Each structure stands twice: as C-alpha cells, then as structure tokens.
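Participant: Residue strings, one per chain:
Number of protein chains: 2
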Amino acid sequence: MPELRKDPVTGRWVIISTDRQKRPNDFRFERANTIGREQCPFCPGHEQMTPHEVMAYRENGTAPNAPGWDIRVVPNKFPALQVEGSFDRHGEGMFDRMNGIGAHEVIIETPNHDRTLAMMADTEIERVLSAYRERILDLKQDRRLKHILVFKNHGAAAGATLEHTHSQLIALPIVPDFVREEIDGAQRHFEVKERCVFCDIVHQDLADHRRVILENADVVALAPYAPRFAFETWLLPKRHGARFEEAPRHEYEALARILKQLLLRMDRALEHPAYNLIVHTSPFVGDTTDVYHWHVEILPKLTRVAGFEWGTGFYINPTSPEEAAQVLRNVRLS
Amino acid sequence: MPELRKDPVTGRWVIISTDRQKRPNDFRFERANTIGREQCPFCPGHEQMTPHEVMAYRENGTAPNAPGWDIRVVPNKFPALQVEGSFDRHGEGMFDRMNGIGAHEVIIETPNHDRTLAMMADTEIERVLSAYRERILDLKQDRRLKHILVFKNHGAAAGATLEHTHSQLIALPIVPDFVREEIDGAQRHFEVKERCVFCDIVHQDLADHRRVILENADVVALAPYAPRFAFETWLLPKRHGARFEEAPRHEYEALARILKQLLLRMDRALEHPAYNLIVHTSPFVGDTTDVYHWHVEILPKLTRVAGFEWGTGFYINPTSPEEAAQVLRNVRLS
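Chains A and B are the protein sequences, given in the same order. Residue 248 in this note's numbering sits at position 248 of the first sequence, and the numbers go up by one each step. Residue 104 in this note's numbering sits at position 104 of the second sequence, and the numbers go up by one each step.
Keep in mind that the hints were calculated from the coordinates and are not lab data. In this text the structure is predicted, and so the values were computed from the model without any measurement. Any given hint could be a false lead.
Which copy is meant is left open, because identical chains are indistinguishable; a pair holds if it fits in one copy or across any two.
No more than 25 Å apart at the CA atoms, straight line, and that leaves these computed lysine-lysine pairs for DSS-like [as the list claims (entries may be wrong)]: (1) K6 to K140; (2) K238 to K193; (3) K6 to K193; (4) K6 to K238; (5) K260 to K238; (6) K6 to K260.
Please work from the sequences and hints to get the whole structure.
Facilitator: Encoded structure:
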C-alpha cells in the first residue's frame, strides 16, 4: 500500500510508493523508455496489457477493452495511489502518515501510436479535454478526495516513459502544498483588491501585449511575468472561472485551438521540445469561486534544471518572457 | 543586467538572467558538458580562463591566478547575479521587479581534474567546507544580501556542466520562498513546542534508528521521514545551531568524515549517482537562532523527475527512507 507522509518541517506531503519498484528498474537511473509499437500497451489490440478501462470514447457496438476506441482511460499499471482501503491516519512519534488512498489513471489520447497532441485536429484535442473533465466529475463524487492533478509528460526529458501519447490523472486525499500556495496567494490578492489576480494578469498583459503569444475570443496564451522555465506558457480563459471541469464547452474549443497552435509553434521554434502540461484547477475543498482562476501551464524542458532549482525550488531562467513570446509569435507555420 | 521578478500569485522570486545565453547554447536542450582536460577552465595552468579569483588556499609564495592552489574561488563566468549596481526596485503595473544584484561564485574544490569529493581525504573535504564558510562570512558583510545558497551539482544528470569538481554559491538580495517555508515551518513548531523541529527529528530518529545511515559524535546522516527523492539524505549536526558559518571547527571535521563515508556508500550502492548537495542555513535577516538548525541535504538523481514533480512541487518517491537507510548502512566498503 502506498503511503502519504508529511514532512514535519515544511508540512509538504510526499507519496512513498514502493510498489512502483515493480517497474522494470530498481534503484537505477533511467526507466526503459524505448518500448516499440509491438510492445506498446496503449496501442489497439493490446488492451489486455493494461488494467480494465474506466472510461472510453468508442465506436458504437465495440466491447470494452477491445479495439474501436478513440480515447481510453485506464488505471495506471504502477499506481502511486490506490482506490481501495482506509486512510489509517496515525502518527509515528512526531511524524504524520496515512495510507495512499486515491486514484492514478492514464488517459490514452489516441489509438495512433505515432500521433502527438500537436498533430491532432482541434476537435480531437477538445475530446481529450472532455475526457479530463469527465474523469474529474466522476472522481469528485468520492468525498475522500480533495484535489485532482491532471498532467501530461511529453518526451523522455519531461519524464514520459512510454512514447504513445497519453496524459495522467492523480486524485489525492490532500491538497498539495504547491496548490495551497497558489490559492493562498490568489486569496491575499483578493483580500486587498476584491479582484482575481489571474483576471488582473490577463487584463494587464492583453493591454501591454509584450508577453502575449496567442489569443482568441475565449483564451489567451501568455508568457508569465516571472517564469521558472524558458518558454513557460500559461493558457488562461479570459472569463473568470475557478474550476476546469465547470468551464463551458466553447472554452474547451478555444483552449484546444490555442493549445494546438502553441505546440506547433514550440515544435517549430524549439525543435520538438519535451514538455510538461499541467491543469491548474481548484481543489474540491474551500470556497475558491471568486478567488481562483483555472488555467493550463506548459513547461518546456529545454535545459537541465541545475542544483538550486532542483530540490530548492529557486529558479534561474535564461530567457525573458518578452523574448519567448516574441519568438513564438513570429513562428511561420506556412 | 539580470533581473529578479516576483510572481504575482505565489510571491516566488525568479532570476531572469538573459546574459547566461552568452553560454555556448541558445534555446536548445543540453549544454556542451564534455569539455576535456585540455579545455578545462578549472585546471591549474588555465587560471586565465576564469574571472580573477576572489579567494584561494595556495602555497606560500605563489601568485594569485597562477598555479599552486588547493582550492580556488572565482566569480561565475556566466553569473546569474551581479555585484555592481543599484536595485532599482519598481513595479510594472501589478508586477514587481528589481535588478539582479548579488554574487555568483564557483568554488573549485581541488586542482585535480579527475578527483571527486568522494575520493578526497577527510581533511580536504573539511577544507572545502572551510572555503564555504569563509565566503559566507565575507559576503555577509554586504548588507544588501539576505541569503546565501551554497550548493554542488555532481554529474550531468544533476545539472553539472563541467566535470572538474566544484561547488557554487549564490548570494541573494531576497530570501527565496523555499527557505522562507522551511523557516516558517520551524517557527510554527517552535511556537507550539518551544523546541527546534530538527533537534526533535534527530532525537526521535537516533532513538528509532531505522532511518539512520551513519553517525559520529557530532553529526548524523538520516534518510528523512518524507523524502522527495529516492536516497535523499540529510546531514545534521547533533548540537543545535542556526548558522553553518558559525559552526565550531570540530563539526566541520565530523561533517567531512560523514560526507565522505556517505558519498562512498552511494557510489557503491547506486553506481556513482549524480547528486545535488545543498547547504541549508539561516538567512541573514530575522532571528532564527533558536528556531532553525543548519544542515546539508544530498539529493541523488536516480530517476527522472516526472510531470507533477516538475513544475508542481509534488513528489512521488519509489524508495522508502527505511529501505534506503538500510541499503546504505549495509554497504561494505572494504
């Protein structure tokens, strides 16, 4: 059973998930990540290589765990958290722990082994976003869960262990402290201004325009003012909304269009970078309706993160957001 | 001039250091890091390849910036911060920035290109720690500086760009928020218990022993209860002390002995892992004397950090600290 442990100094929760060592590596560095198509557990015809699907968008008349799907969601074979069991919260002297209750799922975005998110049609990307939404709405009914992280690792340098394009979802019984910090910061701003800090950022940057990469009627892609990573990009709905899963359909459409454009431009300008995509949305606890603003962060992995960034949480970025925005704006996609 | 920018949501300061792009890479992924001995700027005889030294331990009668040194400290050739200039703090609408005033230095730990910290004698390692101390005491006199980060990247996977063993030091005009969080956490514990949280950890773990890797009279090496990384290790002085630079000499001796033992054991058990070493010590502002406890963290880089760890600050660790401590305790060095 995985365990959640709390650092007694910072209060940071960490998952200790020793079951994951059943993966084909022990303590050593890289995981095997050149699993070819023949062995790919995410390709059609290989449905038996994954745990049973929890959801799929599939052709009428096709059976679960068989080909015929467009998107397929399955539990992670090496889950960092488990759905069954009780918390068994207790102390070990001064330390605090609980069982690692939660969910860890994989969203297989397409049956096509060679397609990337950037190559998909807008409508296909929108369908991926809808799958995120549907899983969040379903898992949210489990009152034990307090937050859901939806993310995607693209490329080995970003931590992807299988090349077939997929996203992941981790549903947690705690609110991670990086989420808490963001909410607390937004709360502080709201207390002073009675406005959402993200709405203020969108408002100022749309007027200023130096950090705007792309926009359409509903969504804007910005290089944030204080980016941790070169070419870090935030995709924000222009309309205030605290929860990704409650966004209206036209915002998913708009987000899909901007996301595709952005990824194509990054592929062109940065030679197909590895990246992490992270959905930032409200936890299920606390009233964040006026305070928080859901968005998507894209973190390209262009340089190795060095000493004080790793482990310390302090960042040095060699590229200004104004320059990054200009580079991405000027890409010709012909 | 590098810039310090504050994220308006979280309050996190980030260095935007575009000068670093004068490095031999532009936006792209890896930096060249196979600079051989012939081109190594840290080897004796190549002193002219670095900026002028700010300190050296050298043979009597040898000239600065010439061979004859055991340890040499030089400004980083591609500094993330600059010593000269004024802060010029101002807002850009809702955003906050200031000039990147500070220091960024390199501590070349030995003239020998092929030696690693693990291969050095205890006394040589102690001398490296003394060099850290001396630079902190010197830079601390600059009242503009509020915190100094001393760290070491060993191996390309940990962000090292030159193989000749060296540490780095970044002196900052702000207290980074990860330091602030640690201090705040220790403060919370102190308010409730009137005891140092690190002293409590040392006390409990020395009694329990499952997470103790090594100890001597003055220093203990622990696998922390909630480690972010597999084989993460904290080296703590047993006696309470808030500031690394004020530790008595026998604690440096003890730390050097434990550090060498630990690195040798990691080299053996984990096949010469890349790692980051980070000195955690009090900022120069605020009274942390009773509350904080200096220590050294070693973060081996065994697995790629995946999506939600990157960028999100949430960690999944596949190895329990009890298991890691046992593996390292049981290494036979004979």
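Participant: Give a verdict on every hint.
Facilitator: Structure-based check of all given hints:
1. K6 to K140: Within one copy only: 23 Å inside, 33 Å across.
2. K238 to K193: within (19 Å within a copy, 47 Å between copies)
3. K6 to K193: between (34 Å within a copy, 18 Å between copies)
4. K6 to K238: between (36 Å within a copy, 22 Å between copies)
5. K260 to K238: within (18 Å within a copy, 55 Å between copies)
6. K6 to K260: neither (38 Å within a copy, 29 Å between copies)
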